[in-house]
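Keeping the supplied structure of chain H fixed, place chain A upon it in accordance with the hints.
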Amino acid sequence: MSLPTRHFDALIIGAGGAGLNAALQLASADLRVAVVSKVFPTRSHTVAAQGGVNAALANVLPDSWHWHMFDTVKGSDYLGDQDAIEFMCREAIPTVYELEHAGVPFSRLDDGKIYQRAFGGQSQNFGGDQAARTCAAADRTGHAILHTLYQQNIRARTHFFDEFFALDLVRDAEGVVCGALVLEIETGEPLLIESKATLLATGGCGQVFRTTSNAHINTGDGMAMALRAGVPLMDMEFFQFHPTGIAGKGMLITEGTRGEGGYLINKDGERFMERYAPRAKDLASRDVVSRAIVTEVKEGRGCGEHGDHVMLKLDHLGESVISKRLPGIRESSKIFAGVDPVVEPIPVFPTAHYAMGGIPTDRFGRVAMPAGQGSEEVVAGLYAAGECACASVHGANRLGGNSLLDILVFGRLAGKDIIDFVRENPYQRTADSASLDQAMGRLTRWDKQDDGVPVAQMRADFRKCMEDHAGVFRTEEVMQEGFERLCELRERLPEVRLSDHSKVFNTARIEALELENMMDVGFAIATSALHRQESRGAHSRPDYPDRDDQAWLKHSLYSKDGDRMDYKPVRTKPLTVESFPPKERVY
Amino acid sequence: MEQSSQDAASELRRLRWQCRRGMLELDHLLDRFLDLGYADLDEGRRETFLRLLGEQDQRLSDWFMSRAPASDEALQDLVDHILDVVRAPAPGG
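In order, the protein sequences belong to chains H and A.
If you use this note's numbering, the first sequence corresponds to residues 133 to 719, in order.
If you use this note's numbering, the second sequence corresponds to residues 71 to 163, in order.
The shape of chain H in the complex, shown without the other chains (with noise of 0.2 Å):
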């Protein structure tokens, strides 16, 4: 087979902060640098991200890289690995300092250090006061960032390929991982990206959720390629919601909303969270929030037409509170719920929001899988960074401010080790025929012509599937059949088929791939959830209501072949330090 080919160095396949800051690190050491993104990099979903990132700067309040890392590895039910963590709360500290180097416009102190805010979850001496470790580039902090590494990025010289769909990875005759077979959109022409080493950077994957606060890009790209690879997807189960989102829509209202007062109410106007949590009511954990919500919608106390939402009170406060203290809420429920939150209650929903776990890696981003006998084998030339990678950093659940960090750090140390990979292993690897033809099987799989199921119809499926059956309300009994619901659904996935088969921006052709990475990512996380017998972190189940360290404190792999799932211990032993051993989680 000829195809049109470019060889790079190395090959980076989306263009959020992850993506970005390895192709800055490449380029700047004068590499040859390919970033493949399906959308103009700067609409990549970094952009999304209001909060800010996590570093013991201690210029407000005294701080630890030591103190953060204890405040992660408790965020994480203790499922994090210990020894990543210390790495991530230690490299935050250079990580910021680059990117204020770089041009990140942070916020600042009068004293012209950057401003640090306070965010729940982070303390001071190990469970002490509240401490403030959140450096803010105002409420954008992620569009600074984005667009400083984007900028960066031109001045260095990095070859980017904007509205390139990246349809799998390609192997050499080895079975080295060796580019990508991508999809250039408006023409609808495949190119042969051969590189040294391959970097993942796609980010989340909420879009398998009917309702989720992530952009529509968010598919899980990366996760599925990984999986089509031969790699598992490890702690696919925790995935944390946000208990108010916008019904039907997705978009998030804000957690403040209930602080200044705001109350859940089902259709019979009742203030059912007094029911579920006497003490706490509305302000109770997400988790629990969350699953309340689904009770009663499940239990026929749902409001609106289908029963399918409940609805979130805001009007007994006033407009004056309303618009001074909640800004932005009242413009987003007129827009997205038709409502004025200032008259009538808006309809909510929990929404998808963070995938804690993905492709797992080492703490240099280097892509690692199970070699048998518990031992760990590095994937040659294949990384992965950000929210579709693993590097076990957020374990069960990520606290606020980590989830920048934790692209931006690894992101940055992906860059740094593909350098010294590719300055030890300085020959292209060549793809083979087979290799090639399974990938380009996924592009010609679509240009049949029959009837069948559309694309559109499938994915509604398939997502309010994933939403019933995977989502908050994980029974043994609601997973199995939501199981068994998939696999009827993946029996009829050779069945779909487009209903437009022209070149130039076919985006239904898009859309279909992407579909097919968005089934094989809801496997992973229907999979790895049915099997997970307690709670723990953002994996609730209330037939399980318990953590269980004894049989659980261990990282779940899913792979495709057979929907295995294995298992392997979580490390405990930090770098430099002591353990922090398990506890209870008390806030």
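It is worth saying that the hints were derived from the structure and are not from the lab.
A portion of the hints provided could be inaccurate.
One-sided and incomplete, this derived list gives chain A residues near chain H with beta-carbon spacing under 10 Å [to be verified]:
1) R86
2) Q88
3) D127
To spell it out: a stretch of chain H is covered by chain A in this simulated footprint if at least three of its residues, at any positions, have a beta carbon under 8 Å from a beta carbon of chain A; those stretches are [to be verified]:
4) 168 to 176
5) 344 to 354
6) 381 to 390
7) 467 to 475
Listed next, with one range per pair, are the computed distances between beta-carbon atoms [unchecked claim]:
8) A/E125 to H/A305: 46 to 52 Å
9) A/R157 to H/R240: 35 to 41 Å
10) A/D147 to H/K580: 44 to 50 Å
11) A/R102 to H/I286: 29 to 35 Å
12) H/I286 to A/L106: 34 to 40 Å
13) A/Q146 to H/D680: 56 to 62 Å
Each residue gets a CB set at the ideal place from its N, CA and C atoms; glycine is no exception.
Leaving out everything else, chain A in the frame of chain H:
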């Protein structure tokens, strides 16, 4: 004739991809507007729509959420029009 309708279809698909953004809110507004309101725009406003799509996500978010006015009158006019077309109907209304 057939060629020009093919061109129009591929132009619409190209615009559809430009409506893929980094924020869900923008995806929703722009994608739905393409379905519900783009066909009714005159040539001048179609050019303004192209300019709008060329703006940064953060700016678009500020304009649509009324945190800041758009950078010129034509863009602001189009932002208001998109909101009118796409804004969710009141429940039961």
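*Residue count check for the stretch 467 to 475 of chain H against chain A: does it reach three with CB-CB under 8 Å?*
This one holds; 5 residues, not fewer than the three required, reach chain A with a Cβ under 8 Å.
_Stated coverage of the stretch 344 to 354 of chain H by chain A [criterion: 3+ residues, CB within 8 Å]_ = holds (count 6)
*asked:* Holds or violated: the 35 to 41 Å window for the beta-carbon distance between A/R157 and H/R240?
replied: Holds, at about 38 Å.
*Are there at least three residues in the stretch 381 to 390 of chain H whose beta carbon sits under 8 Å from a beta carbon of chain A?*
holds (count 3)
*Could one say that the CB atoms of A/Q146 and H/D680 fall in the range 56 to 62 Å?*
holds, 57 Å
_Cβ separation of A/E125 and H/A305, checked against the hinted range 46 to 52 Å_ = holds, 47 Å
*Could you check if A/R86 really has its C-beta closer than 10 Å to a C-beta on chain H?*
Since chain H brings a Cβ to about 5 Å from A/R86, closer than 10 Å, the hint holds.
*Interface hint outcome for A/Q88 [beta carbon to chain H under 10 Å]*: holds, 8 Å
*A/L106 and H/I286 - C-beta distance against the hinted 34 to 40 Å*: holds, 36 Å
_Consistency of beta-carbon spacing, H/I286 to A/R102, with hint 29 to 35 Å_ = holds, 32 Å
*Are at least 3 residues of the stretch 168 to 176 of chain H within less than 8 Å of chain A when you compare beta carbons?*
Three-residue rule met by the stretch 168 to 176 of chain H, so holds; n is 5.
*Using the beta carbons of A/D147 and H/K580, state whether their distance is inside 44 to 50 Å or not.*
holds, 45 Å
In summary, the structure agrees with every hint in the numbered list given earlier.
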